[in-house]
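Asks: Sequence:
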Amino acid sequence: MATDQRDALIQRNDDEFAQLKALVDQLRVDGRIDEAFAGDARDRNVRDVLAHLLAWHLLLEGWYEDGMIGGSPAIPADGYSWRELDALNVVLRDRWQHATLEDVEYRLDLSHAGLQRLLRAHSDEELFDVEAYPWTRGSHLGEFCLECGGNHYAWARKAITTGLPGAAGAVNGRRATEGARIVDPGPLAVSRRR
Numbered sequence: 001m002a003t004d005q006r007d008a009l010i011q012r013n014d015d016e017f018a019q020l021k022a023l024v025d026q027l028r029v030d031g032r033i034d035e036a037f038a039g040d041a042r043d044r045n046v047r048d049v050l051a052h053l054l055a056w057h058l059l060l061e062g063w064y065e066d067g068m069i070g071g072s073p074a075i076p077a078d079g080y081s082w083r084e085l086d087a088l089n090v091v092l093r094d095r096w097q098h099a100t101l102e103d104v105e106y107r108l109d110l111s112h113a114g115l116q117r118l119l120r121a122h123s124d125e126e127l128f129d130v131e132a133y134p135w136t137r138g139s140h141l142g143e144f145c146l147e148c149g150g151n152h153y154a155w156a157r158k159a160i161t162t163g164l165p166g167a168a169g170a171v172n173g174r175r176a177t178e179g180a181r182i183v184d185p186g187p188l189a190v191s192r193r194r
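Under the working numbering, think of the first position of the sequence shown as 1, with each following residue one higher.
Worth flagging that the hints you see were computed from the coordinates, not collected in a lab.
Glycine included, every Cβ here is placed at the ideal spot set by N, Cα and C.
No false leads were slipped in.
Cβ pair distances, simulated, as ranges:
1. S81 / E131: 21 to 27 angstroms
2. W82 / R32: 29 to 35 angstroms
3. G62 / Q5: 20 to 26 angstroms
4. R44 / A22: 19 to 25 angstroms
5. V91 / D25: 28 to 34 angstroms
Please build the complete structure, drawing on both the sequences and the hints.
Replies: If you want it as structure tokens, here you go:
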């Protein structure tokens, strides 16, 4: 069972997640963790950004569970098309408005671990063959996991540092956004072609 690509994806997700967590930890140390974002972006604070990631992890988990038993999951979500992504993201944000940042962080840690377990359960062939799972509709499962994982974590760092000017200070000797490939303001750009 070949796993070179899988292992690289797992590492990418872990690296991006660690950078995001380092940024959040630094904001906590700096006393900026609860600060409202500047501007009029959809996400208004760190909790909103982290809740967005969690919400997309939960969507992916649902797609996976439904698809793996032969279902045809509603992607991106029941009642929404990719053209309605902005409206869906507002709904997802609003679902978490009464959660604490600590609760969202705890759940995000668990969902990230779940994403990584999902990856470890598959071979390269299963993750990177577009025909492996019909429910992915022309994308490969690994792409879903990257878009809801590493690429989305990089987007989150960018969203936070944009919302909190000056928050992009050094984290572990790097700027928080250094080397980040900002791809997707709502994951799975690859699937939007449907």
